[in-house]
Amino acid sequence: MNVRLYVWQRATAALMAPLVFVHIAVIFYATRQGMTAADILSRTHGSIAWAAYYGVFVAAAAVHASIGLRNIMAEWLPVTERRAGRCAIGFGILLAALGLRAVAALVLS
Amino acid sequence: MPETLAELSVSLWRGAQQGRYETYVVPQRESQTVLDVVTFVQRHIDPTLSYRFACRVGVCGSCAMTVNGKPRWTCRTHVSKVADSGRLEIGPLENLPVIKDLTTDMERFFEKWQAAKGVFAPSQTRHDAIVQIRPDTPARRAADAAIECINCGVCYAGCDTVRWNASYLGPAALTRAWTLVNDERDAGNTARLQAVAAAGGCHACHTHQSCQELCPQALNPTAAIAGLKRRTVAAYLKGEIEA
Amino acid sequence: MVHRISGLALAIFLPWHFLALGLAIDGDAKLESFLRWSDQPLVKFAEGILVFLLTVHLLGGLRVLVIENFPWTGGQKQLVTLAAAVSAIVAFIFLARVF
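Chains as they are written, first to last, in numbering that gives the first Met the number 0: chain B, 0 to 108; chain D, 0 to 242; chain X, 0 to 98.
Calculated from the structure, these hints are not laboratory results.
Keep in mind that a hint or two might mislead.
To spell it out: a stretch of chain B is covered by chain D in this simulated footprint if at least three of its residues, at any positions, have a beta carbon under 8 Å from a beta carbon of chain D; those stretches are [to be verified]:
hint : region
1    : 23-29
2    : 42-54
Lysine-lysine pairs mimicking BS3-like chemistry, simulated, CA-CA at most 30 Å apart [stated by the list, open to error]:
hint : chain 1 : residue 1 : chain 2 : residue 2
3    : X       : K43       : X       : K29
4    : D       : K80       : D       : K69
5    : D       : K80       : X       : K43
6    : D       : K237      : D       : K99
7    : D       : K111      : D       : K80
8    : D       : K69       : X       : K76
Where is the CB? At the ideal position from N, CA and C, for every residue including glycine.
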């Protein structure tokens with residue numbers, strides 16, 4: 000962990016703090032009894048606001064989680080920091096790809 | 000004759016990195032410290048026991064050991080406060096190589112002190128006027144709050160990140176670097192901030208605050224390290240140091 | 000440690016979460032059957048645990064951001080207990096609403 004990774008991790012954390020509060024509210028709303036997939040999609044379909052909000056959230060989460068995993072690997076597994084860094088980048092790309100695909104699925108389909 | 004209350008069952012680490020705990024029976028006395036107990040074993044039971052102490056009054060930091068799982072100054076730890084049901088387990092400080100029994104090799108601790116640039120870099124010569132340092136500026140207050148470290152190693156022994164990350168400089172080294180960052184006479188801050196911003200530097204700290212909890216001098220390395228984090232981020236964003 | 004474990008659990012959970020939502024890519028049918036599958040009590044309970052983990056990770060992170068950037072010197076134990084308690088309450092409310 001150096002200053003550059005630290006800045007990215009803390010910055011994405013600070014960015015996500017308010018986003019998570021809203022997400023918890025969304026979770027509570029979306030899981031109330033009787034909500035179907037069609038109900039959800041009718042709200043998200045074609046919405047720039049949803050796309051922007053969750054697009055940013057996914058990007059921030061991908062960066063934040065991969066740096067966190069990098070630290071865990073470097074500290075708890077017998078791997079070098081460089082190896083941990085490469086695995087982390089791979090995971091970050093995976094998360095970003097899956098996440099943006101999910102956003103597209105809800106907004107574009 | 001000092002009054003004997005009962006008997007203590009004391010387990011002491013014997014050996015080096017490999018070894019075992021051996022148990023001794025020691026008379027418990029009033030106002031007895033853990034250092035008294037270790038000293039009793041060495042003087043009356045087993046003279047081959049190795050341990051360190053110097054001042055025995057809580058000003059030198061030499062007698063730090065792991066007592067019932069926690070790193071402490073043994074001369075300032077009263078047996079009555081830590082011996083649950085008459086049992087004590089005493090080992091060498093964690094996170095440092097064991098030389099023998101209760102003594103550890105502190106060389107790595109001091110190497111990291113140097114690596115964090117915990118050394119004053121002068122900006123003037125004897126021919127310049129003496130700089131007036133006011134004690135009440137925020138920078139001097141910050142430095143004074145962190146300056147009383149006597150290198151006992153308790154924070155280093157108690158730190159999870161030191162345990163997990165071999166290159167982590169540790170709370171003591173970083174706290175000293177922080178005092179120099181706040182010293183207006185010091186000229187080495189760019190190099191110092193660069194040193195603590197590298198891998199293993201202040202950013203490796205996870206803010207567990209064990210160092211703050213354990214420091215026998217009531218210093219706050221967590222706060223010092225947080226200060227370094229803020230200064231290095233500012234320097235990095237301004238392009239004064241590199242990642 | 001709670002912070003690290005909750006983060007790790009969330010990191011493991013996220014790809015699956017994204018895959019589930021991605022089921023909507025061909026219309027609502029697959030997502031609908033997934034949602035109905037997840038109506039099972041055991042799954043709802045697991046979701047409650049996820050809500051707990053998310054909240055506890057958020058509160059732990061706020062603690063770190065505050066200690067690193069503001070002159071807060073308070074010790075860990077009370078804050079951690081408070082964070083765990085608040086998270087448990089939030090997760091409990093979630094479960095109460097879905098059952």
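To see whether the hints hold, each was checked on the structure:
For the region 23-29 of chain B, the proposed coverage by chain D is not satisfied: 0 residues have a C-beta within less than 8 Å of a C-beta in that chain, short of the threshold of three. For the region 42-54 of chain B, the proposed coverage by chain D is not satisfied: 0 residues have a C-beta within less than 8 Å of a C-beta in that chain, short of the threshold of three. The straight-line distance between the Cα atoms of K43/X and K29/X is roughly 19 Å, inside the 30 Å bound, and the hint therefore holds. Of the pairs offered as hints, the one joining K80/D and K69/D holds, with about 13 Å between alpha carbons and a cut-off of 30 Å not exceeded.
For the given pair, K80/D sits about 47 Å from K43/X by alpha-carbon distance, which is inconsistent with the 30 Å threshold. In summary, the hint linking K237/D to K99/D is not supported, as the alpha carbons are separated by about 48 Å, beyond the 30 Å threshold. About 33 Å separates the Cα atoms of K111/D and K80/D, which puts this hinted pair outside 30 Å; it is violated. For the proposed pair K69/D and K76/X, the alpha carbon gap of about 17 Å is at most 30 Å, so the pair holds.
In summary, the numbered hints that this structure violates are 1, 2, 5, 6, 7.
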